[in-house]
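Novice: Here the protein sequences line up with chains A and B, keeping their order.
Take the first sequence: its position 125, counted from the start at 1, is 124 in numbering that gives the first Met the number 0, and no numbers get skipped.
Take the second sequence: its position 385, counted from the start at 1, is 384 in numbering that gives the first Met the number 0, and no numbers get skipped.
Just so you know, these hints were derived from the structure itself, not from any lab.
A virtual CB, placed ideally from N, CA and C, is assigned to each residue, including glycine.
Be careful, since some hints might not be right.
So the derived list for chain A, only partly shown, Cβ under 8 Å to chain B, looks like this [unchecked claim]:
1. Gly118
2. Ala120
3. Glu177
4. Ile344
5. Ile359
Estimated spans, in silico, between C-beta atoms of each pair [as the list claims (entries may be wrong)]:
6. A:Ala321 - B:Ala356: 54 to 62 Å
7. B:Leu440 - A:Met337: 46 to 54 Å
8. B:Ser423 - A:Asp192: 39 to 47 Å
One side of the interface only, derived from the structure: several residues of chain A facing chain B at Cβ under 8 Å [what the hints assert, rightly or not]:
9. Lys51
10. Gly67
11. Leu70
12. Ala184
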Amino acid sequence: MTTSTNAPRREYVDGTTAIVRGAIDAGCTFFAGYPITPASGILMAMMRELPKVGGVAMQGEDEIASMGMCLGAAMSGAVAMTATSGPGISLYSESIGLAIMGEVPLVIVDVQRLGPSTGGATTVAQGDVQFLRWGTAGGYPVIVLAPSSVPESYSLTAKAFELAERFRCPVFLLTDKELAMTLSAVDVDEYPDVRSVERAEKHAGLPYSWEPRDTVEPMRRYGEGDPFRFTGSTHDEGAYITKNPENVGALNEHLIAKIEDHRDEIEMVDSDLDSDARTIVLSYGVTAGAAREAAARLRAEGVAVSSVVVQSLWPIPETVLAAAFDGIERIVIPELNMGLYRREIERLASDREIVGVNRIDGGLITVDEIMEAVR
Amino acid sequence: MSIVTITPISTYRSDDPYPFCPGCGHGPILDRLNEAFIKLDLDPAKVVIVSDIGCSGLSDQYFVTSAFHGLHGRSITYASGIKLANPELEVVVIMGDGGTGIGGAHLISAARRNIGITVIVMNNLNFGMTGGQHSTTTPEGGVTATTPLGNLESPLDICSTVGVNGAAYAYRGSSFDVDLADRFVAAIRKPGFSLLDVWDLCTAYYVRSNKFTRAGMEESMRSWGLEPGLRYDRDVTEYAVGYREAHAGLAGHPTPGPRPVPVGFAHGLDRPMSFVVAGSAGGKVRSAARLVALGGIRSGLWAAQRDDYPVTVKSGHSVTELWLAPEEMPLTKVMSPDVLGIISSDGYGKAGPYLAAMTPSDLVLTIPEHADVATDARVVVIDPKAAEKRIPKTSMGLVFLAAALRIIEPYPLDALREATAAGSFADVNLEAVETGITLSLLA
Numbered sequence: 000m001t002t003s004t005n006a007p008r009r010e011y012v013d014g015t016t017a018i019v020r021g022a023i024d025a026g027c028t029f030f031a032g033y034p035i036t037p038a039s040g041i042l043m044a045m046m047r048e049l050p051k052v053g054g055v056a057m058q059g060e061d062e063i064a065s066m067g068m069c070l071g072a073a074m075s076g077a078v079a080m081t082a083t084s085g086p087g088i089s090l091y092s093e094s095i096g097l098a099i100m101g102e103v104p105l106v107i108v109d110v111q112r113l114g115p116s117t118g119g120a121t122t123v124a125q126g127d128v129q130f131l132r133w134g135t136a137g138g139y140p141v142i143v144l145a146p147s148s149v150p151e152s153y154s155l156t157a158k159a160f161e162l163a164e165r166f167r168c169p170v171f172l173l174t175d176k177e178l179a180m181t182l183s184a185v186d187v188d189e190y191p192d193v194r195s196v197e198r199a200e201k202h203a204g205l206p207y208s209w210e211p212r213d214t215v216e217p218m219r220r221y222g223e224g225d226p227f228r229f230t231g232s233t234h235d236e237g238a239y240i241t242k243n244p245e246n247v248g249a250l251n252e253h254l255i256a257k258i259e260d261h262r263d264e265i266e267m268v269d270s271d272l273d274s275d276a277r278t279i280v281l282s283y284g285v286t287a288g289a290a291r292e293a294a295a296r297l298r299a300e301g302v303a304v305s306s307v308v309v310q311s312l313w314p315i316p317e318t319v320l321a322a323a324f325d326g327i328e329r330i331v332i333p334e335l336n337m338g339l340y341r342r343e344i345e346r347l348a349s350d351r352e353i354v355g356v357n358r359i360d361g362g363l364i365t366v367d368e369i370m371e372a373v374r
Numbered sequence: 000m001s002i003v004t005i006t007p008i009s010t011y012r013s014d015d016p017y018p019f020c021p022g023c024g025h026g027p028i029l030d031r032l033n034e035a036f037i038k039l040d041l042d043p044a045k046v047v048i049v050s051d052i053g054c055s056g057l058s059d060q061y062f063v064t065s066a067f068h069g070l071h072g073r074s075i076t077y078a079s080g081i082k083l084a085n086p087e088l089e090v091v092v093i094m095g096d097g098g099t100g101i102g103g104a105h106l107i108s109a110a111r112r113n114i115g116i117t118v119i120v121m122n123n124l125n126f127g128m129t130g131g132q133h134s135t136t137t138p139e140g141g142v143t144a145t146t147p148l149g150n151l152e153s154p155l156d157i158c159s160t161v162g163v164n165g166a167a168y169a170y171r172g173s174s175f176d177v178d179l180a181d182r183f184v185a186a187i188r189k190p191g192f193s194l195l196d197v198w199d200l201c202t203a204y205y206v207r208s209n210k211f212t213r214a215g216m217e218e219s220m221r222s223w224g225l226e227p228g229l230r231y232d233r234d235v236t237e238y239a240v241g242y243r244e245a246h247a248g249l250a251g252h253p254t255p256g257p258r259p260v261p262v263g264f265a266h267g268l269d270r271p272m273s274f275v276v277a278g279s280a281g282g283k284v285r286s287a288a289r290l291v292a293l294g295g296i297r298s299g300l301w302a303a304q305r306d307d308y309p310v311t312v313k314s315g316h317s318v319t320e321l322w323l324a325p326e327e328m329p330l331t332k333v334m335s336p337d338v339l340g341i342i343s344s345d346g347y348g349k350a351g352p353y354l355a356a357m358t359p360s361d362l363v364l365t366i367p368e369h370a371d372v373a374t375d376a377r378v379v380v381i382d383p384k385a386a387e388k389r390i391p392k393t394s395m396g397l398v399f400l401a402a403a404l405r406i407i408e409p410y411p412l413d414a415l416r417e418a419t420a421a422g423s424f425a426d427v428n429l430e431a432v433e434t435g436i437t438l439s440l441l442a
């Protein structure tokens, strides 16, 4: 056998492996999770890989405990991640709120399966798009990234760690059964270099600040420097519980402003625009593969069409989407739900015709179905 | 040389007075904890008080140590994470009887793991903060806001619960114990999980609704089968330390990164080709498809496979859809396969939609039992009994795929042989490949 020097450089790999590599390369040092199909592969791999980098991986007694351990570990200086599927996100709900309130950097992977309830454990769906955004009490913003391929599963996992540190908040990686478990050939040169996160830390002083409102204060760490406090209750900048309306208002405005005022640092789409196009296909996650292919085939047929794949689902990347919609009259949105993200686009682009291509039977949307909707 | 005098910290309490009701036992318990910290001469920066929710949850604010005040019932989970990430910290959980109920799974699991935290349960037999409702420790017959005619439930024996499940240390006492500070010292010093079930008076509710006072407390404990005193004291390995010892051998081993599959062959495809293998779970259908994909990659092709199987193992169907393509392509479901292999009756049960969609240019390879399949595709019967040796069930997928590759030749058979030789179970799998090739020639 001979191997030529310019031969393809491909591996055969699944999204789960890419997520685990992305986490390790981003500097993850703590993982806790509870077995659930189709996310168990991440748990098992992290149990194997984290001790190699001096980290700790735990299987919690349930999803609630797993999240609790991640939050405690993060406040002891760990860079933490957990992974589950929709039914597990249900149990994460209260802890997501605590991570928001206590400003804990944490990456939460949701490998979607078909719901509601136990639903279809080994069946693909995209039903958690709104659930992640509104999955805890209060309505405060979170960040949600959605890879659409194996290389993006790697790069966006690392990006999730970066954003979690930047904004001191939970960041979700929204993937699904097919992206996580399907084996496919991947060009090994498609993985971008990612950097290990560096936590902004301080070892004295108050743990929080909200002057100005979008301030993200460097983290404290238990055991280093002066003692400090942490609380899930409304609090002052020293984490002492308070009901003072001026203080409570400032805290809650801060939790919104630190993310909403910095959307430009989060907005991420993969735009493939044709200036002659009057129709654009907007997709995300596993559905993006068929959407990209549909656009390519339509162009080969001489049909002008644009494509935008949304990588940062929340906050909604309004600025880059507005640019992508320039000159567009029709927006086609394929989703493995009955239009959960489409409702957001209808709000943003109410003057355009908006067409959904939707499936909730566990199958994937085909290239032909999207081409049909564009024509 | 100068002599440095280190003065032990005189208090770990802040200047703020406690907020508790008159006669409540929570304040005295916290005073004993403060005395314990003084006796242990701990660095307040190395102490984390993790508080639960309820009146006990107010406690951490009156100490100058670090603190974590989270959600109801979950204090033990935060404490576990804090300790796992930094085993040098002294982590003390302060919770009420309410927290032991809602967080029961965490209580038991932390005891089983023997994670090195100290749990102080301020057990006042009811929910004080929310209006005196019954808790898991309310005695049978106890009158509360939610058991006005007397509690019908048995009280939780907290010490036995953690003790029979492995906890290093469990003590039952009350806020009136003169040696409580020493008990706290012993518990904090003890490696592993330690718990103190410290009964106290809820003067706002439980004491007012029941004849329950300091005088009869110990007799009441005994009458309910909840013996006071030191209940468990055993030597264990602390979990965070044990975890690090158990995994020390893995340190420094790199996480495997992307490794390109070597390419040494040329393929013959000018369009994507789809294969479906319909078999039974436990038949290594997915592993066989993976080898065929790797053979394709060795020939310069792109490949992807979607697997469908029930959540159980070695029971029911296992169907794999495999694409080989000259160009990168998106993940899509196979509607009409170029090749369908029916290798078991479980698989046949899932093959209907594929068979119906297939055309005369497509190929079905089937076991003899399903030779009469209804399809427009060309049907080739592969008879495993025609093989020289009995073919194990776990090789059938690879036998059929090798047979298909011999007939269709999307890429050279040597690429499959090399992929197989480079993988696990190479001997058995290489035999399956050759068997498949031979059977396809007989068919």
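Novice: Taking the hints in turn, state whether each one holds.
Specialist: To see whether the hints hold, each was checked on the structure:
1. Gly118: Hint on glycine 118 of chain A: violated, closest Cβ of chain B at ~12 Å, above 8 Å.
2. Ala120: 5 Å, holds
3. Glu177: Interface hint status for glutamate 177 of chain A: holds (6 Å vs cutoff 8 Å).
4. Ile344: Check failed: Cβ of isoleucine 344 of chain A comes no nearer than 22 Å to chain B, outside 8 Å.
5. Ile359: Violated - the Cβ of isoleucine 359 of chain A stays beyond 8 Å from chain B, reaching only about 15 Å at its closest.
6. A:Ala321 - B:Ala356: 54 to 62 Å: 42 Å, violated
7. B:Leu440 - A:Met337: 46 to 54 Å: Once the Cβ atoms are compared, 52 Å apart, the range 46 to 54 Å for methionine 337 of chain A and leucine 440 of chain B holds.
8. B:Ser423 - A:Asp192: 39 to 47 Å: 31 Å, violated
9. Lys51: Nearest chain B Cβ about 5 Å off; hint holds.
10. Gly67: 3 Å, holds
11. Leu70: 6 Å, holds
12. Ala184: 5 Å, holds
The earlier numbered hints that this structure contradicts are 1, 4, 5, 6 and 8.
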